[in-house]
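A.B. asks: Protein chains in written order, with this note's numbering: chain Z, 1 to 332; chain R, 1001 to 1332; chain W, 2001 to 2332.
There may be inaccurate statements among the hints.
Derived PhoX-like pairs: lysine-lysine, alpha-carbon spacing no greater than 20 Å straight-line [claimed, not checked]: (1) R:Lys1296 / R:Lys1276; (2) W:Lys2313 / R:Lys1296; (3) W:Lys2177 / Z:Lys313; (4) Z:Lys151 / R:Lys1177; (5) Z:Lys296 / Z:Lys276; (6) W:Lys2177 / W:Lys2151.
What the hints contain is simulated information worked out from the structure, not anything from laboratory work.
Chain by chain, the residues:
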Amino acid sequence: MITKTLAELAVILGGEVVGDGSVSIRGVAGIREALPGDITFLANSRYEPYLLETSASAVICSREPRRATMVPLLQVDNPYLAFQRVVRVFRPDPYRPETGVHPSAVVSPEAEVGAEVSIGAQCVIERGAKIGADTFFFPHVILRDECQVGKRCIMHPGVVIGSDGFGFAFDSGRYHKVPQVGNVVIGDDVEVGANTTIDRATTDSTRIGDGTKIDNLVQIGHNVVVGSHSIIVAQVGISGSTELEDYVTLGGQAGLIGHIRIGTRAIVGGKSGVTKSVPPDGVVIGYPALPQAVFKRLNAFIQRLPQLFQRTKDLEQRVGALERQPVREEVP
Amino acid sequence: MITKTLAELAVILGGEVVGDGSVSIRGVAGIREALPGDITFLANSRYEPYLLETSASAVICSREPRRATMVPLLQVDNPYLAFQRVVRVFRPDPYRPETGVHPSAVVSPEAEVGAEVSIGAQCVIERGAKIGADTFFFPHVILRDECQVGKRCIMHPGVVIGSDGFGFAFDSGRYHKVPQVGNVVIGDDVEVGANTTIDRATTDSTRIGDGTKIDNLVQIGHNVVVGSHSIIVAQVGISGSTELEDYVTLGGQAGLIGHIRIGTRAIVGGKSGVTKSVPPDGVVIGYPALPQAVFKRLNAFIQRLPQLFQRTKDLEQRVGALERQPVREEVP
Amino acid sequence: MITKTLAELAVILGGEVVGDGSVSIRGVAGIREALPGDITFLANSRYEPYLLETSASAVICSREPRRATMVPLLQVDNPYLAFQRVVRVFRPDPYRPETGVHPSAVVSPEAEVGAEVSIGAQCVIERGAKIGADTFFFPHVILRDECQVGKRCIMHPGVVIGSDGFGFAFDSGRYHKVPQVGNVVIGDDVEVGANTTIDRATTDSTRIGDGTKIDNLVQIGHNVVVGSHSIIVAQVGISGSTELEDYVTLGGQAGLIGHIRIGTRAIVGGKSGVTKSVPPDGVVIGYPALPQAVFKRLNAFIQRLPQLFQRTKDLEQRVGALERQPVREEVP
């Protein structure tokens, strides 16, 4: 078991101790579950009240001023990042599948697999597929023919890369399949969540940029282009040919129609239905998605509709009363 | 083939026959598809009209008074439960995978597997995983390292338990992975639907309580706690660290943000987006989710908006007419 | 490499050349990615501006009149269908899994597999399942016991057919599983997208009609009936016992409650929540779903709510001013 004093951790994380730096830390845990000997972290202000009742021996938090607490604090620039580092101090070697190809995986001899790659149990890597160095495939990942995954990527269980795009031409009372002869190209340092599906392009490529992180059960349609360093939360759906620039965030269960463009650093709220392009730095929400300020304003007005109906009814009565007053003769 | 009279079934189910109890029953079917010799059931009042036209030889229904029908009735306390029992009378041994580990499954020698467990084709059970007695894994289930499933559970095909939580820290223009070193702990008598994903905790455990039933394609984020005897319908998404108490019902495609609490017996309507905690026995719906009564009231007002605009226009004309009347002199 | 003149392609596709028919075509590509030597197509008017800047050597488009372009056009009745055909001219043999059963697949000896069927790596076909001739199963497809798939179907990776329907009876504080003893019956020429799940019926059959195309991550509940030649876009959820007639279109992420009926040629907008039956040729959208015209009208009124509140406030002031005028004496 690894043990560090809080002061030692402060050096490792580049932070400052408020309180007793000599306390011994032996593990990490969530703020509600932590026991004596654990360090925890406070990144979300909802959990601020737990500062008073946590059993943790220390708490990583931001540098903003804070009321005095019993528990020693370790103040840092980015608590979540510091927490990530401290996890590695106490659990330096979390479980990962071994490097190499699991004997139950089916890897085409015509696929190209980089150095230090791990391909988990029952993965299927088809002909012409390429996998960059240091990439991990958990079990049950499917990489279809001619599709590419970059370096240092992580593909979680059940991911399907390169399934056919959903393209049909209607003629004479039935749908005819449009051959999907493009591929999928995924950059470096990309993570894709469990059971997510990324369709191959009709022609050309469906693309995911470097450093982008995709959660579970996401659907990415054919010819979609996702930029670099973007976040796509669980159960999002992106329709064909839509393009995301870099540093975009899509909240959970959001849906984007096809053939639109989401600008750099734009944020789409969870569950939103986006029906037109969003400019860089735009923040949209709702269905159909509107700029966040407009959405909130309209939503506040909707909450006040019952009163508005009542006010209108009152006005009608007051105007009726005025109208029932006898009409004056014209001033001559 | 098994044959019972309706009177015999009434004894088995603890119900009462209305009509001819001597009729022979040889099978079960839906009310629209049933043929002579079948027994069917009426649990949803939408199907009441089918009572008059079903070809079934008998219908299981509730004890409430009912107009006379041609078809004999078997009145019980809980028609759906009675139907379940009668299915077992006529199909005592529905197909289930055999007990034991299918030769194509990959089970770590460091996993603990209880008695009478069935592990289907191509499942992957990683090291440190634990499976309780009498649990069934259909094919293609993945149970990652250190995760636990209780007794008498059913895991449907494609379920992923213990994939990494979606946690990243943003620093210097890119996202850094926060190691997910917790696990998933699933209680007894839990059922999890096809291709559903349950992420492991960042630290500590993602938890599913005893007797909870989860449908297909559901996403459960890291550190979520689901209580006992709850129902989570298909395509629901629950974000990280949200907690459900017991006997909660989440309708299909509902989405819950992270770090909130859903009280005992609360009901979340299908497709709702829940952005704050719900008290025990609360019923919420819509996006953002509101108490059902408020949602319905606001929705009714929205439907009447066209009239409200017209009424306002009328008022403006009437007030204009009043204003155009000559101003009287002040009463002295 | 295959080379055709544009005039030769016009004969193959039954179209008319506008411009130079002698130009040589050697491949196909999207309008933005096309290089000299490629033919592309214009089916979506959003891309009309690209006509002026594409590097393609020719463009397939509709027969409607069009401003003069530098690039030669090939005018046809259905550009998307023509594009599909031209893809086959230049890529006559896109990759498909080989006919036969992959050695890693697990196929019950009690399953019936038709002629010229391809069953990909790690598929599981249980006892009593039936697969029609010329059907392709990509890797990791699960066809559970007694379920049927017709001829010339395509099942994409991770599809689960025949998982248990989500049926429980609540009694004495817990949910009891209702045995799901029906099956799934899929017609001919059906395509099912990656990681989609189709549950078996409680009794009888969940049915998918001929020629219907289903996208990725769709959930189809027990006893659902989908008609022929319908389109179900990604992440749609259909609750138990709902019926779709023929030629229905469901937009992405739409959700349908159980026990309703969607009429022939009806269209459900993306992300809609459908809570009651839709007549033939109906077009509904929103949540709760309304006829498209009503939805658009109400939505326009909602956008104008801020002004309506202001107009009401103005009216209140004007009526107040009128009321403050001295009351006249009654006309005698």
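A.B. asks: Does each hint fit the structure? Answer for all of them.
C.D. replies: Hint check:
1. Annotation: proposed proximity of Lys1296 of chain R to Lys1276 of chain R holds, straight-line Cα distance about 19 Å (limit 20 Å).
2. Between Lys2313 of chain W and Lys1296 of chain R, the direct Cα distance comes to roughly 26 Å. Violation of the 20 Å bound is thereby established for this hinted pair.
3. A hinted pair counts as satisfied when its Cα atoms are at most 20 Å apart, and Lys2177 of chain W with Lys313 of chain Z does not qualify at roughly 53 Å.
4. In summary, the hint linking Lys151 of chain Z to Lys1177 of chain R is supported, as the alpha carbons are separated by about 15 Å, within the 20 Å threshold.
5. Annotation: proposed proximity of Lys296 of chain Z to Lys276 of chain Z holds, straight-line Cα distance about 19 Å (limit 20 Å).
6. A distance of roughly 34 Å separates the Cα atoms of Lys2177 of chain W and Lys2151 of chain W; the hinted pair therefore is violated under the 20 Å criterion.
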